[in-house]
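Once you've looked at the hints, dock chain B against the given chain A.
Taken in sequence, the protein lines are chains A and B.
Residues in the first sequence are numbered consecutively from 47, following the numbering used here.
Residues in the second sequence are numbered consecutively from 83, following the numbering used here.
Read the hints as simulated data drawn from the structure, not as lab findings.
Computed from a predicted model, the values in this text were never measured in an experiment.
Among the clues, some could well be false.
Unchecked claim - For lysine-lysine, the following DSSO-like pairs were computed, each having C-alpha atoms within a straight-line distance of at most 30 angstroms:
{"id": "1", "chain 1": "B", "residue 1": "K454", "chain 2": "A", "residue 2": "K52"}
{"id": "2", "chain 1": "B", "residue 1": "K461", "chain 2": "A", "residue 2": "K135"}
{"id": "3", "chain 1": "B", "residue 1": "K454", "chain 2": "A", "residue 2": "K92"}
{"id": "4", "chain 1": "A", "residue 1": "K103", "chain 2": "B", "residue 2": "K461"}
{"id": "5", "chain 1": "B", "residue 1": "K461", "chain 2": "A", "residue 2": "K65"}
{"id": "6", "chain 1": "A", "residue 1": "K161", "chain 2": "A", "residue 2": "K137"}
{"id": "7", "chain 1": "B", "residue 1": "K461", "chain 2": "A", "residue 2": "K52"}
{"id": "8", "chain 1": "B", "residue 1": "K454", "chain 2": "A", "residue 2": "K65"}
What the hints assert, rightly or not - Pair ranges (Cβ atoms, derived):
{"id": "9", "chain 1": "B", "residue 1": "A354", "chain 2": "A", "residue 2": "K137", "range": "47 to 55 angstroms"}
{"id": "10", "chain 1": "A", "residue 1": "K137", "chain 2": "B", "residue 2": "E445", "range": "45 to 53 angstroms"}
{"id": "11", "chain 1": "B", "residue 1": "E112", "chain 2": "A", "residue 2": "G144", "range": "48 to 56 angstroms"}
{"id": "12", "chain 1": "B", "residue 1": "R138", "chain 2": "A", "residue 2": "A82", "range": "50 to 58 angstroms"}
{"id": "13", "chain 1": "B", "residue 1": "F363", "chain 2": "A", "residue 2": "S69", "range": "33 to 41 angstroms"}
{"id": "14", "chain 1": "A", "residue 1": "D138", "chain 2": "B", "residue 2": "R351", "range": "49 to 57 angstroms"}
{"id": "15", "chain 1": "A", "residue 1": "K65", "chain 2": "B", "residue 2": "D449", "range": "30 to 38 angstroms"}
{"id": "16", "chain 1": "B", "residue 1": "G425", "chain 2": "A", "residue 2": "E100", "range": "55 to 63 angstroms"}
{"id": "17", "chain 1": "B", "residue 1": "Q480", "chain 2": "A", "residue 2": "A95", "range": "48 to 56 angstroms"}
{"id": "18", "chain 1": "B", "residue 1": "D477", "chain 2": "A", "residue 2": "D138", "range": "51 to 59 angstroms"}
{"id": "19", "chain 1": "A", "residue 1": "Q169", "chain 2": "B", "residue 2": "A354", "range": "53 to 61 angstroms"}
{"id": "20", "chain 1": "B", "residue 1": "E453", "chain 2": "A", "residue 2": "K65", "range": "25 to 33 angstroms"}
{"id": "21", "chain 1": "A", "residue 1": "S69", "chain 2": "B", "residue 2": "R198", "range": "40 to 48 angstroms"}
Stated by the list, open to error - Listed next, the stretches of chain A that the computed footprint assigns to chain B, with coverage defined by at least 3 CB atoms under 8 angstroms from CB atoms of chain B:
{"id": "22", "region": "59-72"}
{"id": "23", "region": "108-117"}
Heads up, the beta-carbon is just placed ideally off N, CA and C, and yes, glycines get one too.
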Amino acid sequence: MAYSDKVLDHYENPRNVGKMDDSDVNVGTGMVGAPACGDVMRLQIKVDANGVIEDAKFKTYGCGSAIASSSLLTEWVKGRSLDEATLIKNKDIADELGLPPVKIHCSVLAEDAIKAAIEDVKQKRKG
Amino acid sequence: MQFPIYLDYSSTTPVDPRVAAKMAECLTLEANFGNPASRSHMFGWKAEEAVETARRQVADLINCDPREIVWTSGATEADNLAIKGAAHFYVKKGKHIITSKIEHKAVLDSCRQLEREGYEVTYLDPTEAGLITPEAVADAIRPDTILVSLMHVNNEIGVINDIAAIGKVTREHKVIFHVDAAQSTGKIDIDMEEMQVDLMSLTAHKTYGPKGIGALYVRRKPRVRIEPQMHGGGHERGMRSGTLATHQIVGMGEAYRIAKEEMHAENARVLALRNRLLEGFKDMEEVFVNGDADHRVAGNLNISFNFVEGESLMMALRDLAVSSGSACTSASLEPSYVLRAIGLNDELAHSSLRMTIGRFTTEEEIDFAIEKTREAVGKLRELSPLWDMHNDGIDLSQVKWAAH
Chain A
47 MAYSDKVLDH YENPRNVGKM DDSDVNVGTG MVGAPACGDV MRLQIKVDAN GVIEDAKFKT
107 YGCGSAIASS SLLTEWVKGR SLDEATLIKN KDIADELGLP PVKIHCSVLA EDAIKAAIED
167 VKQKRKG
Chain B
83 MQFPIYLDYS STTPVDPRVA AKMAECLTLE ANFGNPASRS HMFGWKAEEA VETARRQVAD
143 LINCDPREIV WTSGATEADN LAIKGAAHFY VKKGKHIITS KIEHKAVLDS CRQLEREGYE
203 VTYLDPTEAG LITPEAVADA IRPDTILVSL MHVNNEIGVI NDIAAIGKVT REHKVIFHVD
263 AAQSTGKIDI DMEEMQVDLM SLTAHKTYGP KGIGALYVRR KPRVRIEPQM HGGGHERGMR
323 SGTLATHQIV GMGEAYRIAK EEMHAENARV LALRNRLLEG FKDMEEVFVN GDADHRVAGN
383 LNISFNFVEG ESLMMALRDL AVSSGSACTS ASLEPSYVLR AIGLNDELAH SSLRMTIGRF
443 TTEEEIDFAI EKTREAVGKL RELSPLWDMH NDGIDLSQVK WAAH
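Extracted from the complex, chain A is given alone in its bound form (with noise of 0.2 angstroms):
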């Protein structure tokens, strides 16, 4: 399969790779997918006082397309609200990307991640 510049340069150079502490009343993390079906994305994004998306961090476990996309991701979500963040479709990323048909379903993930991470952090900062 040929993979477009940009998916290369995002599984060569992947952005915010890393891990944060959960227990952070801020961090929201998004984990989706399964091992079984070959791509688990694991995306956590820190919240400040104002609702402002200060970090975001990942770990994929997937084809080259599923770590670009949760790559790509991180790097858009930085700075936006948590509001704004929701409005990031699995489109934006298929187009950014260049991602062919089959591998549709990697940005739809990072799509199901940002939204349960985003989700998640909500859930705790209102408990």
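What follows is chain B alone, placed relative to chain A:
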């Protein structure tokens, strides 16, 4: 070293330069270009002689009579001809066929076609080692069983079935035994005097011959009959019509001649390389060899690096030409059916890499492959949430995943 390094010899092999030289002698006006079926002139006679020499060379490798060799376009055609040909010919004896779940698609899809025609097929489960036992075959045979079709060596995991022992079972029950030997010629000894095999599929391009040529062995004593699948001029004693491709056939003959002469020395060298490769991963955690370690051809290593997905691994290994059982490398998005059938969970199937070594692989290339693979696995594990969880002592099989 030349990049990328070819470690996919089970997929196909380069043509040996000695083979290419022989083939080139059968193409142009000055050379041996005639139609082997032309009886009326020198051009035809010369071509026929070359074809018959090649037939002897192929027969020599598997120790059979040259008259038992029928040329085909490759192992896929030979599988089709053997399975459909025997099933159609012996239909009055019964309509039950036995094969296994880890056969090549050429066998499985031929069986599916026969199911559509009203035949019944039993698909045997392999052992965890990837083998089909003679007992499993014996247990599956019924009064209406007409054919058993099994592979000699599995293309993904390289394991070797005990064909001689299974042949005893099928002969005892008077059932036709077809063996796909695409992956075994030149890798292990095949002796048709010893093995009670009735039909055997052969191909050239996995034994340093050209693509597009193969053969079906059809036993004469006791005589095995098949219905032709390709109709026409009645070539190959009516079993497979079509003008013989002299250059291809000569290439296969030369490739098999070389295999017979050199296979034992070659396999010792290849085995040493594979051991070196495996040794290079020995101290890594969560690395598993798939398929039986002992009943296995020298050149095959199928290995799973847990917590790393196969396609991303291959992406990191762009300097190596290897293959993976990962879903993402197939059109179907399913992980390897072979690895699933031998009991691997999906994760390990997704994490598998097949490296196959051959005639032109060097020690230097193996060392490079080890270094690159270790580097890539290390990098991807650092990226893997599963590796994190594993290191935190979480049992991944107990996690409730949101499947998608």
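Going down the list of hints, with the structure as the test:
no.: 1; hint: B:K454 x A:K52; in the structure: holds, 23 angstroms
no.: 2; hint: B:K461 x A:K135; in the structure: holds, 29 angstroms
no.: 3; hint: B:K454 x A:K92; in the structure: violated, 35 angstroms
no.: 4; hint: A:K103 x B:K461; in the structure: holds, 16 angstroms
no.: 5; hint: B:K461 x A:K65; in the structure: holds, 15 angstroms
no.: 6; hint: A:K161 x A:K137; in the structure: holds, 15 angstroms
no.: 7; hint: B:K461 x A:K52; in the structure: holds, 19 angstroms
no.: 8; hint: B:K454 x A:K65; in the structure: holds, 26 angstroms
no.: 9; hint: B:A354 x A:K137: 47 to 55 angstroms; in the structure: holds, 52 angstroms
no.: 10; hint: A:K137 x B:E445: 45 to 53 angstroms; in the structure: holds, 49 angstroms
no.: 11; hint: B:E112 x A:G144: 48 to 56 angstroms; in the structure: holds, 52 angstroms
no.: 12; hint: B:R138 x A:A82: 50 to 58 angstroms; in the structure: holds, 51 angstroms
no.: 13; hint: B:F363 x A:S69: 33 to 41 angstroms; in the structure: holds, 36 angstroms
no.: 14; hint: A:D138 x B:R351: 49 to 57 angstroms; in the structure: holds, 53 angstroms
no.: 15; hint: A:K65 x B:D449: 30 to 38 angstroms; in the structure: holds, 34 angstroms
no.: 16; hint: B:G425 x A:E100: 55 to 63 angstroms; in the structure: violated, 47 angstroms
no.: 17; hint: B:Q480 x A:A95: 48 to 56 angstroms; in the structure: violated, 37 angstroms
no.: 18; hint: B:D477 x A:D138: 51 to 59 angstroms; in the structure: violated, 36 angstroms
no.: 19; hint: A:Q169 x B:A354: 53 to 61 angstroms; in the structure: holds, 59 angstroms
no.: 20; hint: B:E453 x A:K65: 25 to 33 angstroms; in the structure: holds, 28 angstroms
no.: 21; hint: A:S69 x B:R198: 40 to 48 angstroms; in the structure: violated, 59 angstroms
no.: 22; hint: 59-72; in the structure: holds (count 3)
no.: 23; hint: 108-117; in the structure: holds (count 5)
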